[in-house]
Every structure is written in structure tokens, then in C-alpha cells.
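Work out the full structure: start from the sequences and follow the hints.
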Amino acid sequence: MNLTRRKFLQSLSIGVVLTTKKGWANKLPAKAIERRDLFPQGVASGDPTADTVILWTRRPPVNGNFASKLIVEISASPQFNKIMAGGTANISADSDWTCRFMATDLKPDREYWYRFIDDHGFASRIGRTITAPGDDSDTPVRFTFVCCQCPNEAAMNAYRKMIFEDEARPKEQRLNFVLHLGDFIYEVTWYAEDNPNGNRGRRIRNLYKFPQGRKVSNFHLPATLEDYRTLYRAYLEDPDLQDARARWPFVCIWDNHEFAWAGYQSQYVAGGGYSAPAQNQKISANQAWWEFMPAMVKQPGNPKLEHFNAPAVVDTPMEKFNEEGLSEEPNNLKAIHSLKIQRVLRWGRNVDLLLTDNWSFRSPDMSTDDFNVPEYLRVDAQIPFEIMNYGRHYNGDNPPETIQFNGKAIPNPTKNVHAQTYLGSEQRNWFLEQLGASNARWKIWGHGFGTMEVRSDYQNLPGELGAKWPKDVGYAVIDNRFLRDKDIIFDFIKDHKVTGFCVVGGDRHAFHAGLASKELPPKKYEPLGVEFITGSVSQQTLFEVLEVTMAKNHPKRVLHLIDQPDGTVIPSMNVTALHGVLSTLKLKETGDMEQARAVRNPDVAPHLSLLDFGGHGYVMMTATAEQLSAEFVCIPRPLEPSGRPDGGPLTYRVVHRTNLWKAGEAPRLEQEVLEGDPRYCI
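Count the sequence shown with my numbering and you get residues 1 to 682, in order.
Hint data in this document are derived by calculation from the structure and do not stem from the laboratory. Since we're looking at a predicted model, the values are computed, not measured. Take the hints with a grain of salt, since some may be wrong.
[Claimed, not checked] Here are the computed lysine-lysine pairs in the DSBU-like style, where the Cα-Cα straight-line distance is at most 35 Å:
#: 1; residue 1: Lys-334; residue 2: Lys-524
#: 2; residue 1: Lys-524; residue 2: Lys-552
#: 3; residue 1: Lys-552; residue 2: Lys-497
#: 4; residue 1: Lys-468; residue 2: Lys-494
#: 5; residue 1: Lys-408; residue 2: Lys-334
#: 6; residue 1: Lys-340; residue 2: Lys-215
#: 7; residue 1: Lys-215; residue 2: Lys-552
#: 8; residue 1: Lys-494; residue 2: Lys-340
#: 9; residue 1: Lys-556; residue 2: Lys-497
#: 10; residue 1: Lys-468; residue 2: Lys-552
#: 11; residue 1: Lys-27; residue 2: Lys-107
#: 12; residue 1: Lys-556; residue 2: Lys-486
#: 13; residue 1: Lys-31; residue 2: Lys-107
#: 14; residue 1: Lys-468; residue 2: Lys-107
#: 15; residue 1: Lys-523; residue 2: Lys-468
#: 16; residue 1: Lys-468; residue 2: Lys-486
#: 17; residue 1: Lys-415; residue 2: Lys-552
Okay, structure coming up:
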């Protein structure tokens, strides 16, 4: 764990064997004919540093046209008047005909264009990439972050809008890269023939079928390496996603759906009651990700990575878990260590981007069934939830024997159980070391799902609405996760006086903006950073799901949805979590958000400045020496492609800005509405 950032970055750079060759500078370009049909997944680049970037393509056999070698050309102009760097690469079925090529000896903060040419003289489309600024550069850093996309059920309009707006900006204000925070694919798949009415109101396109797969209930799951490869191939044929990958370098981590819907470590868990040990499947998922994502990642013990080396494992149940909730069963350890995606990337003096793996080392989920309040949808009772999440570490390692709930004392099922964790001790220690060693102004944590707690004060519901909410459990928790991990990290930030700390997250299918804190009232509320979470590119939001599934006569519908006389629906779920239940009831009564905010409970969400459970789109970040800004770009529900070069209409654009704070100061956020109407979200 005594690994410096520089040594860590150097260790990552050996993760690709095919690299720029000497003697290619100033060469004339090869004669080539562009044949995009022979490169059906396009081109991509990833993980840029100041002098390197990984380039990617896939050149499979097409209609009998076979290639085994690619020439890689890199130029300073899209016309390819002169070659700046390049090399050759062999491709084969072993890596599904994909090519990962490390371009080296590049200049910092530069645009480059690249292409791949097969041994018949047929070329890929031209891609554009951008290197990071030098370590001592003060140049502003601009990027977007995204998550959660599925072209099988919706459109990628967010990428089209992102491209359109970037092309319209002055060159010095354009994006440096795109950060993808996971759920690049969705392994759980509905087929149209099994679901003739679509999936909760959405049209199913049937873009692919698993060669093998596994059917559970009315959906299908991958089972083999070829199944996972099938997903990536189909997704990357989407024109908007393909154009985005050809325009910017992507920086990627995975979330849950790259492997398993509700899995942990190497256990595959999905809806419909399916759960099974899946060490082989975890390795297959890792291999497919590695083959299709141009990232500076490596396999422990395999530094060259000419091919992904899949370790031999046997699918074996995990029966024992150590103090950190990790199964030390040998097959599990081989599977989860078959690929390491944690890494740090630097953009000048302004940004260190710290990336973690939030799924491979997570502990098994706990069950809160004994503490459900069935009349209230999609919430947990706060105090029982916290006791169980901390396990034996609750209350300074002194958990209670029983948990009070609805006037009863229920035996504490987690009194002797490890706390919930998603990082695991080894990765958490690595993260803290990297965070403490960073001298960048902004330490940005690329986090799968963020740290923010979202809750509401159901204990304040009047009359019949609140009659069945237990009076001894505190708030209704809408989203909160892995409390001990958060405690350890936020205590470190406070104790080491870390400034410029920012979390960017995804996964929640909702926009969030606010201040990052360890605790909320009535505990000590102490902001230590800022946090921004993006809505999904295309996947269904809570607002959409409840619109389709929640009965209009449900007695608690007002807490989530308010039906209007004209047939529209107000997403009151945002108001309930931002301002409290009395604000929601006032909105139902008056239809006026000003009156609703006038009766808000300031203790419910003092940390949140924006919350939208119906938001799709992306967030654009700008980091300068003095300021960090996050611009939320929200688009309408992308049920179908917009058919417009600008990606379609805009719902709203809201920016949040924070100035760099000093040690001992609390960060502050300023909010400005730039376009549209986010009245129910702020």
C-alpha cells in the first residue's frame, strides 16, 4: 500500500502490449478506402494521459472478408496529411477481433485523429481523441459524465445532444473526455416475443439474442463469454453512442449490470428468485468488458495483456465471509481479481480522477424484511436500516440485542455480522492513500452510485396518511448505502483536511446535486465536499416506473405522484425528498411550488439543492484553478430517437458552482437555472 501515484500510473501503462512503434513519425499515410461496414462497432479511445491514449476498434470477418493485422495511424489533422505516430496490431477470434492499441509519445493537451487499416487497405472511420494536459498545467478541464443506457429499450439522444453542443462551442471550451460510470450494458434483457406489450410501457427492439443465455421469469440473462460479447457488439452499433466514442476519449468503470443485476463478488443474483455461484460468468463479464472498453486496466500477474488470461475456476458456493464481508473461497478470489479497474488519472494541476470498483468486493446484501412498512413504497425505516447496515460496528462496536419496530423489540439479526461494504478493506485503503497523496486542486471520485442519502420525514405525515408509519424508526430512507465505508472516508477527509473533494455518481437513474456529508440532522451535519449524480442516458426512472405501475387510488400516491386535470403528472416524489411531506401536501392543495417551499422542513435535506427522479441526460463538469461547476442537461424521456441533429428538445439546464474552499471551511454551492423549468426539482 506504499504505492505513489506516479508509480501507480506507470504500473497501469503496461496493460496494453500493442504500442506505438519507432520510426512512424512523419510517414506518409497509407492508401486506404474507408469501409465502415468492416468495422461495425466503430472506433474509440480511452484513458488519456499527457502523452498516451488507448485506441480501439473491432474488425471481424464480414461476408467472407477476413483480416488478421491492422495498421494504426495517428495524425494531427483529420485529413491525415502526415502521420505523427502509429504501429501494427494482430487481431484474432481469441479477443473477438477487438484491438487495443497504446498510442505513446504524444504531446499534452492536443487533439489527434486516428484510424485503423486492415491488410486489404480497408480503413475504419476516423476517430478523434484528446490527450490530458501536462501535470503542471493550469488549463481548465471539461468533461461530461453519464451512466445507464440500453438501446434495446430506448434511444441515445443524450449523446446526440452532447455532440451537437460540443461542436458549437469554441475549441477552447470543448470537452476533454466522457466519464462513463457504468451500466454501459444491461445484462438483463427482455425479448419482444415474451413481452408483446413491451417492458413497462417501452418498446422492445430485439437488437440481439443471446447465443446461449438463461431465461428467468419473462427475461433473459447471459451465461457465457459469447453472450456478454453479444451485448457489447449490439450496443456499439448504435449510431449516437458510436459517434460519441469516435469524438472523445471515454474513461469507464463498471456498475452492476456489466455482470449481474443484484450480484456481489462472483455471485450472480437477478430478479425472479435466481441466485447462483458464478465464478466463470464473472470472469467472462470481465473479459468482455476488457475487450470492448479502451481502458488502462490490467490483470494482476498478466502485465502484457496480449490476450485476456481467463483463470480456471469452478463455480463454487460462498459460505463464509471474513471481517470485511469478503469470501476467501479460492475460486471467488480468482474471479474477482481477474481484472482490476481501480485507477487514478490526472488532468494537469486541476483534476485527479480517482476511480473505484464498487461491485467486485461488496458484501452480500442484508435482508430488511422484518422491518418493512408495506403501506409505504420503496423506503426503509431509518433506525433499523442503520443498525443492520453497520452490523457489529453499530454504536461504536456495541450494537443492540434488539431493534425497536412498531412497538416491538425484534432480535437484531446483524448483531454479529460484518458491516455492509462495497469497497472492501484493501481497495478502501488504496483509495484513502491516493486521496491523501493527491495535490490536485480537485479530487474527483468517479463513483458508481454516489454517497448521498435521500430520505423524507414520513414521521410528520398527518392523519390517515401517517397512521401506519412506525413512530420509533425515524425518517423514511429512500436511498442510503454502505454507511461504514462512508464514515471511514469522510472521517479521513476531515482529519486530513482534504479540500476540493467531489463525488460524481450514476446508477440511481436520477439527478442529484448537493453537499457531501457524513451525517444529516438530527446528527451533526458537516459538509466536507460536493456531490453530483447524473440521471440515466436512457434507462427507466422511478418517476416513469411509478407512472406505469402505481395505482391511481393508492392511498400514498400523493407522496410520489400528483395527477393534474389535464392528464399530466407532477413528480411529487422530488418534493417529498427535497422539502418534506408537508410541502408535498401543500403542492397537492395549491399547485404552487412557492407555497410548497414556504412550509418545507429544512432538516430533511439540507445537503440537496436539486433532485429529479425523472431526469435523463448528462452532467457537464468544468474544473478551473478556482472553481468547479456542474451543468445538469436534462432531456425528455428518450423513448425513440429524436431524428434531429441537436438530439431533440431540452427539459432544463441548471448549473451548480462551488469555489475552492480552504481547510477548515465548508464548501458552498450556488445554483443557477440557465434554461427550462425545473420547478419541481429544486
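Now for the hints, and whether the structure bears them out:
no., hint, in the structure
1, Lys-334 to Lys-524, "violated (42 Å)"
2, Lys-524 to Lys-552, "violated (39 Å)"
3, Lys-552 to Lys-497, "violated (50 Å)"
4, Lys-468 to Lys-494, "violated (39 Å)"
5, Lys-408 to Lys-334, "violated (44 Å)"
6, Lys-340 to Lys-215, "holds (30 Å)"
7, Lys-215 to Lys-552, "holds (32 Å)"
8, Lys-494 to Lys-340, "holds (28 Å)"
9, Lys-556 to Lys-497, "violated (44 Å)"
10, Lys-468 to Lys-552, "holds (20 Å)"
11, Lys-27 to Lys-107, "holds (17 Å)"
12, Lys-556 to Lys-486, "holds (32 Å)"
13, Lys-31 to Lys-107, "holds (26 Å)"
14, Lys-468 to Lys-107, "violated (64 Å)"
15, Lys-523 to Lys-468, "holds (25 Å)"
16, Lys-468 to Lys-486, "holds (31 Å)"
17, Lys-415 to Lys-552, "violated (40 Å)"
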